[in-house]
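Using the sequences provided together with the hints, build the complete structure.
Per my numbering, residue 732 is the first one in the sequence shown, and the count goes up by one each step.
Bear in mind the hints are in silico, worked out from the structure with no lab data behind them. Beta carbons are placed, not taken as given, at the ideal position from N, Cα and C, and that holds for glycine. Keep in mind that a hint or two might mislead.
Pair ranges (Cβ atoms, derived) [claimed, not checked]:
id, residue 1, residue 2, range
1, P806, P785, 31 to 37 Å
2, G993, A883, 44 to 50 Å
3, P985, A868, 36 to 42 Å
4, F933, G879, 43 to 49 Å
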Amino acid sequence: MTDTRAGGVAATAGWTAAARAAETARPDALFRDDLAAALAGPEGAARYERYANPGTSEFLAVRTRYLDEAIAAHPHLAQVVLVAAGLDARAARLDWPAGTVLYEIDRPALLAAKDARLAELGARPRCDRRAVGADLAGDWRAPLAAAGWDAAAPTLWIVEGLLFYLPEDAARTLLADLATASAPGSVLAGDLLSHQSMVSEFTRDGLGRLREDGCPWLWGSDEPEEVLTTAGWRGPDVRTPGEEGASFGRWPWPPLPRGTLGLPVNYLFTATV
732 MTDTRAGGVA ATAGWTAAAR AAETARPDAL FRDDLAAALA GPEGAARYER YANPGTSEFL
792 AVRTRYLDEA IAAHPHLAQV VLVAAGLDAR AARLDWPAGT VLYEIDRPAL LAAKDARLAE
852 LGARPRCDRR AVGADLAGDW RAPLAAAGWD AAAPTLWIVE GLLFYLPEDA ARTLLADLAT
912 ASAPGSVLAG DLLSHQSMVS EFTRDGLGRL REDGCPWLWG SDEPEEVLTT AGWRGPDVRT
972 PGEEGASFGR WPWPPLPRGT LGLPVNYLFT ATV
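And the structure:
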């Protein structure tokens, strides 16, 4: 598969960090990420402004909180993998159970720059954080194993803000590869984009800006359960913003009924093998 997280797409990690910084600045913040602003930098802040659309900031805040809670709900899983970790700062901001090993997979250059910035900021991880430079289009299992990941032990995989940047076949292949690599008891949590988000008139301008910047959204599905079960994941719990467990008082609209056409929606999910 083709890994599109090079170039412009990898740079959108700064956008997400800037969104976390904006949420942190709110008096009613859903989480605190005191490293986010420094990690985002001026470019990330500029992208945050450029890609602003109704619901974008709200969803990014809800998604972060949802995945924070997914992590907290599985303290027994001692190895956690952030797939395409970007500028995520959970290693330093979450209270991890003793013995947790957190693996962050992403492009080597991005992780090297991130590690240097974290060192400048004096950031201290609250778990055993291990950066794993790997190409998700290639052999990522070998570098992950070389960093200490145990394929025989259950894993909590976090796939955040990635799948819609991949072509459909690449996204499905990655999800299937994660399932194949997982020991019994492993859990996958992340987000999917709807196909309606790719064709809605309400996202046309935003999608155009992303294409102009070399980081287009490439794929979404209106059948998230099918995507996950076909890839080998069981019992997917899929929620849309506004539903219980995917709102946190931040989402300002009622959840869209399944099958609604013409309106963008994102899915948040948890599944097991």
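| request: Identify every previously stated hint that the structure contradicts and give their numbers, smallest first. | output: none
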